[in-house]
Amino acid sequence: MEQQVLHLLQATTRPDTTVIRDAEQGLLSLYPQQDFPFALLTIASHNDVEPSSRKAALTALKNYVSATWSRQFDETFTGNVYLNDEAKSGVRDRVFTICTLGGDQVPQDAAIQALAAGVASKIASVDFPDAWPSLLPSLLTILNSSTDDAPIHGALRVLSELIDEGLTEEQFFFIARDLVNALQHVAVDSARSLIVRAMTLNVFRACFEMLEMVMADHGAAVKVFLNESLKAWMPFFMETLKQPLPPSVKPEDASFRGLVALKVQVVKTLDKLRQVYVQALSPHAMALFQTIWEELSRVAPVYAELFIDGTAEGKLVDSDNLSCSLDALILEELDFLQVTIRAPPVRKELTAQMQQLGDAQHTVPWLQELIRVLVLYARIPKEEEALWEYDANLYLCEATSLTANYTPRAACAEVAVRSLGEWLKQIPIVAMLHFKRHNLPSQTSGWKEREALVYILNQCLKDVDEISGKLSPQTSSAVLEGLSGTLQHPNHFMRAAGQMALGCFFKVATGDQFVEAGAISFTNAVTASSMDESDVVKVACLSILHEYLDALPQSITRPMQNAVINVVGEFISSHDLRDDLEDADDVKAALIQLLRDAIMLDTSTITAEGNNAIDLFFTLASDGASNFQLFTLLTEAFEGIVSSVSSSGQEPYVRLCARTIPSLTGAFDIASMTQESALTNLAAELVSALAEFGSDPLPSGFVQAVMPKLQRVLMEAVEPELVRPATLALNHMLSKGTQQFLSWTDSQGKSSIEVTLTIINRLLNSPDVDENAGQEVGGLASSLVTKFGADKLGPFLMDLLRAVAVRLATAERIQFIQSLCMVFVGLSLAAPKEVLDFLSEVNINGTNGLSVVLTKWLENSVHFAGFDEVRQNVVALSKIFALRDPRVHAVSVKGDLIVDAQPGGRIKTRSQAKLNPDRWTQVPADLKILKIMVDELANAATSRFPSLAAAQAAADALDEEDEEAEDADEWEDVGSAGALDLASASVRNELMSLIGGGGGDAAGDEGLSPTGSRARDEETAEYLLQWFKNEAGRDGFAALFEQLTEEEKGKLRELVA
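Just so you know, the sequence shown maps onto residues 1 to 1057 in the UniProt record's numbering.
The hints are simulated quantities; they were obtained by calculation from the structure and are not laboratory data.
This one's a predicted model, so the numbers in the text were calculated from it and none came from an experiment.
It is possible that part of the hints are untrue.
Claimed, not checked - Capping the alpha-carbon separation at 35 angstroms, the derived lysine-lysine pairs in DSBU-like fashion look like this: (1) 242 to 425; (2) 250 to 348; (3) 425 to 382; (4) 894 to 1029; (5) 1051 to 879; (6) 833 to 1029; (7) 507 to 348.
Produce the entire structure from the sequences given, and follow the hints as far as they go.
Right, here's the structure in full:
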């Protein structure tokens, strides 16, 4: 069988998909044969078989285990177990042997043993400990007694997989002590290879994930255990961090890579320990801070040789995914330095040193030395320098922190902003300028050091702006002086950094004396954006010109409107958007933002003869439609432009339509010919914006020009991104161009009403149009009914309402349900009884229409979104309730959720939800309306912050509390490079609470309102208060009131009182 299986495995690695598919089917057909897994193991164990086939054998074995080993693999199990217990034992033993091979039997390709470890872990996840009790003792024996690195490494791989996938919390708790002791035995053994010791720490860190979960039930025992363990671990950690790297810089050297990997794992383990049990680390905080700092200072020349002046490859990992290149170590140490600065003992010592210097705190030696270290690592690496010169978009991504490529340069900015700026406010900025004057004289220092300082300074200035802060006049003067020489520097990266820093500076500078300097700097930036020889500088200027438009008075910026628009045009004309800038989305975003802000300086000029701003906008739009970020920017920019123009009067808006409608309707035709669906989507969005934000009534000819395009789209398209905006555009035209709309007929002579009804029918009933695409159809139907009523619609009105009710019966998405319900909301505002009469006569698949509509309406009402929509819904429901119609009382709907006792902090999984679905009480519809009204009143009348001013005041108060809080909180709460720890139960609960599904126990969630995300609404609150007072005096209200929950009664009494 081995030859047959080997032949099939080799076929799975060939490039022909047909051959691969046939081979995979051949392997599947062998599953029932008991010899099959043993044939795979023989192939995987044989050193004479090529590595690709051995790896394919182990991959196939893992698939076999997933499909046939145990019914516990519920998602992958195919229904048959082919091996008896004895055969399974044989498979387990042979897999374990491959994992722990030693001596000359070790495979040259490390991935073979890694794959075997995955198979062992998969089996262990269901067999350990009951069917495989020897697994863990065997692994620990190897760790404690083996003198060969290979079996230890293999055992560590299995342990890593086992801890990650196979162990329960309780199982881990009982083996933790033996496991950690065995890991410690290997880690501190200098006879073991560095990479094996690094792997040991990687497994040790995985133990902390389990300890964090175990701590909830066994907190005291875990803390005692950790305190004991760290007495031996901490000296090892400190010793490893202090160990110097080999003197010869050879990143491919095993000893160099091994020590780097070990140091990386030490820092990662320390940071994980801080997250799990910070009290154990706090006594060592100062020593760790000094050790990390000394390491960073010591390694800087090596880092420079490899990356700043050389082109060594970074972010390398070994076969076990352990980071082993120096840049990874620097990243970890910079992040950990950022964390340790927040530790109370460190802050206390550093603060004491600063206080001794009085007003010269910025000159304190530790701060100046830290800035020196940050500057060394923030220098532009040689490889990045070459890439940025070739592609200015990459430079812009990095400079504006829009990239996911987290580098030592970015980490240095994080240290300066998060650890220094948030603590010392503006002192670090002054300290950087002091460092520049005394340590980076232009005559002797290299441009990379000076550029790095300006880069970090710019990040600090951006942080001041983000918190709406301002520099003091003295600091402002010092910053301006410090940046004054950057724009004339011969190096283009230096000029670009200076331009970006100055653009941000004038937003945070304090004092009228900087307005003139800002005007000069603004003019220089405009000139450089077109005249500088480097694209890097041009792109930097284009990205910050909008900062000047925001920071400087209009008396300075408005006269420059044409100049700014022209530099955008010059850049576009000198670069092919689809060739030179094909992937330069961030540059295009900067151009769109700048063009938008320049147009908004004075929108009255853009329709003037010779002004090409709108043409430039459509040039960018035609190229950026396929990118979601650019699509959104373009849409929002156009909405703002249209709104501004129409606010100036009908005539400017008419001129704008004359300039834009030909381009927009042409875009529909071009997109149709070229099959560019994204362009059609954007054209529909912009047409919708032009109608929505324009004046009322729409200019003559608007409907005639646009309606044929929308008709074709809405009768053919199925994509939600096109159908939704096209439906909205038709709705806005119907609402604002009523007379034009009535007089329009299509090419076949059909009236606009007939065409619209046909479109509505398609959006409601076509199987090709899903609910996501059709979610605006309710608004269109409402507008049609409101505008034309029975007089114009005649018998079509009842057919339309019946079609909406029938479709509502099967609607599932809340947006679509709300859209359809709003048709009846609008009608109920004026004629609630007629709505009930009509629905009572409708038969929907044998069910009364009133029951169908009320059920969908009331059970989804609390999820309705939109300020006006919520208010209208409240009023409509109040009018239906006030009718006291027995037909409403007869409809039974979902009431309150029946809450089962669940373990605290547990999130119900999908499988649990299937086994134990949510259950609800059943209540009459009039009682349900009353419940909704209580919730809506509570939400409208009470809010944590009644206004933006109150919210700002609360935020300021929190800031003051933060400043006064103990530093220990910052040391404990700081995250790891901004990442959320989703393994933490507390983090999961907080996230769940944000989306309204708190992960806590039911008792804690009872007070949450289903409408809790709504905004405060004084008008709705006043209406509801009066409504409740009126209803309370009517017969029958007291009986319904008594059926409310005690919480609802108390809430209503309190609010009305």
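Tested hints:
1. Among the hinted pairs, residue 242 with residue 425 is consistent with the structure: their alpha-carbon atoms are about 32 angstroms apart, no more than 35 angstroms.
2. The hinted pair formed by residue 250 and residue 348 fails the criterion: a straight-line CA distance of about 40 angstroms is larger than 35 angstroms.
3. Proximity of residue 425 to residue 382 is assessed by CA-CA distance (about 33 angstroms); at most 35 angstroms being required, the pair is judged to hold.
4. Proximity of residue 894 to residue 1029 is assessed by CA-CA distance (about 26 angstroms); at most 35 angstroms being required, the pair is judged to hold.
5. Among the hinted pairs, residue 1051 with residue 879 is consistent with the structure: their alpha-carbon atoms are about 22 angstroms apart, no more than 35 angstroms.
6. At roughly 22 angstroms between alpha-carbon atoms, residue 833 and residue 1029 fall within 35 angstroms of each other, so this suggested pair holds.
7. For the hint pairing residue 507 with residue 348, the CA-to-CA distance comes to about 33 angstroms; that is within 35 angstroms, so the pair holds.
In summary, the structure is inconsistent with hint 2 from the numbered list given earlier, while agreeing with all the others.
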